[in-house]
Amino acid sequence: MVEMTGPSATSGDWRRFYHLTRTLAVTDFKVRFYDSALGYLWTLMKPMLFFGVLYVVFSLIVRVGDGVEHYPAMLVSGIVLFFFFSEATAKGVTSVLDRENLVRKIHFPRMVIPLSGVLTNTFFLLLNLVAVFVFFAIDRVEVRLSWLQLPVLLALLFLFTIGVTMVLSVLYVPARDVKPIWEVLSQALFYFTPVLYPISLVADQNERLAQLAMCNPLAAIIQQSHHAMVDPDHPSAAAAIGGAPRLLIPLGILVGTFLFGLWLFNRMAPRIAEEL
Amino acid sequence: MTTPPARASETLIAENVSKTFRLPHEQVNSLKERALHPFRAKRMDPFVALDHVSFSVAGGEFFGIVGRNGSGKSTLLKCLAGIYGTDEGRILLRGRLATFIELGVGFNPDLTARDNVIINGIMLGLTPTEARGRYDAVMDFAELGEFEHLKLKNYSSGMYVRLAFATMIQVDADILLIDEVLAVGDVSFQQKCHEVLAEIRKRGRTILFVTHDMHTVEQLCDRAILLERGAPLELGDSNKVARRYDRLNFERKSDLKRKNEDDPRHGTGEAVVLDAWFEDEHGTRTATVERGRRCTARVLVELCEPAVDPALGFEFGSEHTPHLAITAEVAAGSFAAGERIELEAAMVMPFAPGRYTLSPFVRGADAQGSVMDRRDGWVPVTVIGTRGAGGLVDVPSEVRVRQMVVP
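Chains as they are written, first to last, in numbering that gives the first Met the number 0: chain A, 0 to 275; chain B, 0 to 406.
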């Protein structure tokens with residue numbers, strides 16, 4: 000006989016974990032893809048409209064983009080990457096609560112919930128990247144070997160996003176304040192990440208401040224994507240932070256967030272069902 | 000409390016399962032309250048939902064979990080299902096377990112029946128291949144084949160229930176935990192559910208079933224456990240548990256009404272009825288008697304004046320029939336004032352389930368004798384039970400049936 004262990008983050012066999020995660024992610028994707036007449040277009044429209052606004056403001060009015068190589072390409076790729084993070088975490092905050100009827104009625108590894116949510120957003124990210132490459136073609140961005148860095152950057156971004164989502168989703172159950180707090184934080188994070196301005200603009204005024212900004216894992220990932228994908232004239236993450244060894248700081252924060260999320264989620268998972 | 004070691008046939012064992020919830024004593028809801036006391040610690044009151052519950056279920060058994068609202072039966076099921084962790088004790092299982100706390104868990108109204116059936120199957124523990132393989136059987140059972148590409152939100156509620164139930168039974172787990180899902184649907188659907196459950200059981204599956212419908216318990220379950228305030232009150236044969244449950248429910252209500260001193264009382268006052276009550280077969284006072292079971296009615300009388308051959312007795316009445324039956328017996332001899340007489344009437348409760356009253360009296364020897372004291376409707380008694388062929392009264396008779404040879 001086997002002892003029933005009660006609810007937990009990852010209990011049960013891995014095959015079931017995989018099937019559940021995949022099923023939930025694909026279902027969610029399908030529903031969001033087909034739920035309106037234009038379906039996927041809306042998911043694409045959101046970052047693109049945002050891009051349009053930012054492009055008009057920052058290249059025609061404030062003129063941040065003057066003299067920046069391939070400013071539109073930089074802007075659009077940065078927005079798509081950041082949007083993945085902000086959308087996935089915003090949905091992730093309430094994800095455990097949104098799946099309440101499953102949590103209270105079925106025994107399954109709870110980790111499936113944040114993981115499948117981030118996966119759904121990953122599908123949309125991949126689709127949006129197709130649009131980004133179209134932009135690259137229009138903006139005549141050169142195809143380079145360094146594009147191969149993209150999968151690594153995406154993997155790191157995924158890891159960071161899932162880490163943050165685990166923390167937020169499980170904290171939201173007992174403390175609903177997490178949602179508004181995160182909305183503000185996420186907005187602030189956008190402006191401290193070199194998405195709409197090149198990091199060199201900050202470095203010109205205060206190099207320390209630029210290096211400090213690069214400690215943010217999102218900033219490091221997006222800056223490196225500018226360097227590897229858009230134009231080599233954009234400083235690499237290592238250059239922007241002042242030396243490759245210093246990259247251990249954002250990497251440490253990234254891995255630390257992930258491990259903390261894993262630990263916290265594991266710790267709180269058994270009681271989720273009764274505290275909802 | 001110790002539990003015997005697992006026998007080969009046992010499929011599920013619960014040992015001293017206990018569960019305590021922490022309920023917030025004070026809920027901070029409004030922004031103002033929160034602003035005034037931002038860091039006030041929430042006081043948590045412990046609430047014992049399950050208190051050392053132990054039982055074991057054999058393979059192929061149909062086991063009922065019964066109790067009144069809030070008795071902990073759903074909590075127990077959730078602990079068995081692994082949805083809640085237990086604070087104490089352990090739960091041992093043999094084989095695959097499937098839980099049905101609600102029909103159609105994880106159903107998404109925006110997807111077609113096909114997608115939903117497969118997703119639900121995966122949720123309940125099937126692999127995607129298995130779930131797809133069983134899809135046709137599900138649609139056949141639900142008789143919804145022609146609507147398979149319709150989105151679920153366009154289904155009628157009846158179709159929804161049929162689909163959900165069909166999906167549920169496709170999961171051939173070894174142990175099924177079912178929480179009153181059968182309470183939905185119309186009578187014919189419930190009939191179908193019962194047939195299916197009987198069928199599943201025939202295939203050797205073990206079923207644990209939460210309900211407060213005693214009719215279902217007696218009809219389907221082999222054994223059952225009765226919970227009250229989280230503690231096991233009765234465990235064993237399902238009929239026994241069902242009767243205990245009935246008694247538990249009725250006693251609460253009758254206790255309050257017992258012996259209302261304002262009830263009409265009349266008589267000459269030469270004697271007074273001091274007390275009257277029912278006893279069950281173990282000699283314990285009770286206000287609830289089961290139909291067809293031995294019980295004893297007692298009437299205690301004290302004489303105020305000397306009397307010769309007084310008669311003691313009681314009259315049964317119900318709401319619709321005030322003078323249902325009278326029992327009386329003469330206490331032969333002469334008695335002095337202050338002496339007490341007790342009447343004891345052992346009987347097999349003949350009446351149909353319902354509420355009755357007993358009016359004890361003491362009077363002169365013959366039926367026309369003057370009434371010395373009578374208390375109308377003084378002792379309420381509730382008859383329960385499911386035995387008996389029907390009708391208002393079981394006539395005591397010796398019944399024989401034999402086959403006749405046709406010349």
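Just so you know, these hints were derived from the structure itself, not from any lab.
Among the hints, erroneous ones may be present.
[Unchecked claim] Simulated crosslink set (PhoX-like; lysine-lysine; CA at most 25 Å straight-line):
#1 K178/A / K90/A
#2 K29/A / K104/A
#3 K201/B / K150/B
#4 K90/A / K191/B
#5 K90/A / K239/B
#6 K104/A / K90/A
#7 K90/A / K201/B
#8 K201/B / K191/B
#9 K104/A / K239/B
#10 K152/B / K29/A
#11 K29/A / K150/B
For the pair we were handed, K29/A and K104/A, check the Cα-Cα distance against 25 Å. holds, 23 Å
Next pair to validate is K90/A with K239/B; report whether the Cα-Cα distance is within 25 Å. violated, 52 Å
Hint check: K152/B vs K29/A, CA-CA at most 25 Å. Holds or violated? Cα-Cα ~16 Å, so holds.
Verify the proposed pairing of K104/A with K239/B, using a straight-line Cα cut of 25 Å. violated, 30 Å
Taking 25 Å as the top limit, are the C-alpha atoms of K178/A and K90/A close enough? holds, 10 Å
Measure nothing beyond the straight line between the CA atoms of K104/A and K90/A; if it is 25 Å or shorter, mark the hint as holding. holds, 22 Å
Hinted pair K90/A and K201/B, Cα distance within 25 Å: Roughly 46 Å between the alpha carbons, so the hint for K90/A and K201/B is violated.
Tell me if the straight-line CA distance from K201/B to K150/B falls inside 25 Å. Violated, because 35 Å separates the two Cα atoms, which is more than 25 Å.
K90/A and K191/B: Cα distance at most 25 Å? Violated: K90/A and K191/B sit about 41 Å apart, past 25 Å.
Tell me if the straight-line CA distance from K29/A to K150/B falls inside 25 Å. holds, 13 Å
Distance restraint between K201/B and K191/B, which requires alpha-carbon spacing of 25 Å or less: holds, 15 Å
Hint check: violations occur at hints 3, 4, 5, 7 and 9; the rest are consistent with the structure.
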